[in-house]
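Same order as they appear, the protein sequences are chains A and B.
Residue numbers for the first sequence follow this note's numbering, beginning at 1 and rising by one.
Residue numbers for the second sequence follow this note's numbering, beginning at 1001 and rising by one.
Any given hint might turn out to be false.
No more than 30 angstroms apart at the CA atoms, straight line, and that leaves these computed lysine-lysine pairs for BS3-like [to be verified]:
(1) A:169 <-> A:194
(2) A:32 <-> B:1197
(3) B:1002 <-> B:1100
(4) B:1203 <-> A:32
(5) B:1282 <-> A:194
Just a few of them, taken from the derived set where beta-carbon distance is under 10 angstroms, the chain A residues facing chain B [what the hints assert, rightly or not]:
(6) 21
(7) 30
(8) 34
(9) 36
(10) 39
(11) 43
(12) 47
(13) 51
(14) 169
(15) 180
Rough simulated footprint, nothing fancy, chain B against chain A, three-plus residues with beta-carbon under 8 angstroms [what the hints assert, rightly or not]:
(16) 84-95
(17) 113-121
Hints are computed from structural coordinates only; laboratory data are not their basis.
No experiment lies behind these values; they were computed from the predicted model shown.
Glycine included, C-beta positions come from ideal geometry on N, C-alpha and C.
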Amino acid sequence: MKRTGFITAALIIVLILAVFAVLVLRLAEKSKAELPVYGEVPQFTFVNQDGEPFGSADMIGKVTVVDFIFTRCKSACPIMAREMSALYRVFETTDDLQFVSITVDPGHDTLAVLRDYARANGVTDDRWQFLHTDIESVVELSEKGFMLAADQLPMGHSTKFALVDRSGKIRGYFNAMDDKPMAVIRQQIVQLLKEPWEAPEAPPESM
Amino acid sequence: MKALQRLSATSAGAAFLLIFTGGLVRVSGAGLGCPDWPRCFGRWLPPTSIDQLPASVDPSLFNFTLAWIEYGNRMLGMILGLLILATAIVAIVQARNVRKVWIAAWINALLVAYIGWQGGQVVAAALEPLLVSVHMIGALLVASIALWIALQVHSLTNPSMESGSKYPKKILAWIGITWGAALLQTALGTQVRAAVKVLVEEKPLAGENVWLAAVGPIRHIHELLGIIVAGLAVHVAVKLLKRSENPSGLVVQSSWVLAGLGVFQVILGVAMIAVTFASILKLFHLWVASLMLGLLLLLYVIVKQSEKGEA
Chain A
1 MKRTGFITAA LIIVLILAVF AVLVLRLAEK SKAELPVYGE VPQFTFVNQD
51 GEPFGSADMI GKVTVVDFIF TRCKSACPIM AREMSALYRV FETTDDLQFV
101 SITVDPGHDT LAVLRDYARA NGVTDDRWQF LHTDIESVVE LSEKGFMLAA
151 DQLPMGHSTK FALVDRSGKI RGYFNAMDDK PMAVIRQQIV QLLKEPWEAP
201 EAPPESM
Chain B
1001 MKALQRLSAT SAGAAFLLIF TGGLVRVSGA GLGCPDWPRC FGRWLPPTSI
1051 DQLPASVDPS LFNFTLAWIE YGNRMLGMIL GLLILATAIV AIVQARNVRK
1101 VWIAAWINAL LVAYIGWQGG QVVAAALEPL LVSVHMIGAL LVASIALWIA
1151 LQVHSLTNPS MESGSKYPKK ILAWIGITWG AALLQTALGT QVRAAVKVLV
1201 EEKPLAGENV WLAAVGPIRH IHELLGIIVA GLAVHVAVKL LKRSENPSGL
1251 VVQSSWVLAG LGVFQVILGV AMIAVTFASI LKLFHLWVAS LMLGLLLLLY
1301 VIVKQSEKGE A
């Protein structure tokens, strides 16, 4: 009787813990799936390192990691490039994720310089784009579009990566200078890639 | 001695519960739920909304649910620390003559403080796998010492508990071998987990089957040793249940539970390989391993004490 009582008590405790754990795990999964929306990427069209137009329309349908950099930068940008390069490599199996680095030093970072910079960072396909435009457009996109600081460029650019979902909505900001955000961005990229998305219907063609 | 008995038993129970909640933090992905330590987003209680975050923190790091899962584990850890400290203080008062008890109690108080601080290092290193393993093994050590103290105090307050009990010859050696194999198995398990974590970071879209297949031979050693440990645990339990003379109720109950956990662990392992790598299975797989280690320690101490009584 005593033995049965002990084993029953142990089983009840295990059952309570199991139910508690299942509830906690469900809550955790649900919370991870619900990433907030911080804003929407405004319409823009710049040119990439190959001189081809690239803009917000090219971000629809793909998850995009965006940052603002300049190639002469010796402090933050090499770390940002290293982190972006790491993401570019580990997600090489999917074309549904792309990376966009926008130069904040367009006077120096010509398309040829950006092409060299891309090569130096191991870019071998069009999953990582390097964009060029005039400085006023960069400041406007950074400050008003992505809500990222752009004071006294090129030095005053943000060190954060912005994570954009398939419909062009900004879903996260991650400081590339810190290991913890760089660990979390990987999980949130996977989450956004899993998020259901339907392509917007094309407007009817005019007769 | 009553206070010491209650405190030491509660500490041991809380320590094994903390291993469960620590596992829950890991499998739920809440390890970075609070990116700083000992505070959480700079606060003594986790923020309830994004507006409460310090300006220097990325809002994307804030997840209310994950923050509270991590913080809950920290709070339970703090309660355990206080229980172990109280045990150490009361041990000095009530068990001054039993040197091994109060010395072990103070060692455990220092160890639990170290493991708590080391938890902060795990967070600072963004869950570096080796540090996570050290944290888990450290918690297991704290739980084992707490259990050992509780058993010593229990035998001091119940000196006739094992009188008349006679256990099979060489059972201590079998318990020791099983405990050693289970400890090795737990260490291998942490290595499998660490290898999977590295693979998840390197190939985040590959999926569980690919990650497990890429773990390498350590995974197969872990599977094989798992069956051996379960077999040894059942062997020890059967030997104690069938070959003992007048075994104490504690030994009988612990033997049944040990055998049950051994079989349960094999079922969990098979389910993880063949059916799903679900988080709840991973959690119980880890926790059952720690409970088996605790039960083997308990059986070893009790049988050893009965042999001393005979001598």
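Comparing the hints with the structure gives:
{"no.": "1", "hint": "A:169 <-> A:194", "verdict": "holds, 15 angstroms"}
{"no.": "2", "hint": "A:32 <-> B:1197", "verdict": "holds, 18 angstroms"}
{"no.": "3", "hint": "B:1002 <-> B:1100", "verdict": "holds, 18 angstroms"}
{"no.": "4", "hint": "B:1203 <-> A:32", "verdict": "holds, 19 angstroms"}
{"no.": "5", "hint": "B:1282 <-> A:194", "verdict": "holds, 23 angstroms"}
{"no.": "6", "hint": "21", "verdict": "holds, 6 angstroms"}
{"no.": "7", "hint": "30", "verdict": "holds, 8 angstroms"}
{"no.": "8", "hint": "34", "verdict": "holds, 9 angstroms"}
{"no.": "9", "hint": "36", "verdict": "holds, 8 angstroms"}
{"no.": "10", "hint": "39", "verdict": "violated, 12 angstroms"}
{"no.": "11", "hint": "43", "verdict": "violated, 24 angstroms"}
{"no.": "12", "hint": "47", "verdict": "violated, 29 angstroms"}
{"no.": "13", "hint": "51", "verdict": "violated, 32 angstroms"}
{"no.": "14", "hint": "169", "verdict": "violated, 13 angstroms"}
{"no.": "15", "hint": "180", "verdict": "holds, 5 angstroms"}
{"no.": "16", "hint": "84-95", "verdict": "holds (count 4)"}
{"no.": "17", "hint": "113-121", "verdict": "violated (count 0)"}
The structure is inconsistent with the numbered hints 10, 11, 12, 13, 14, 17, although it conforms to all the rest.
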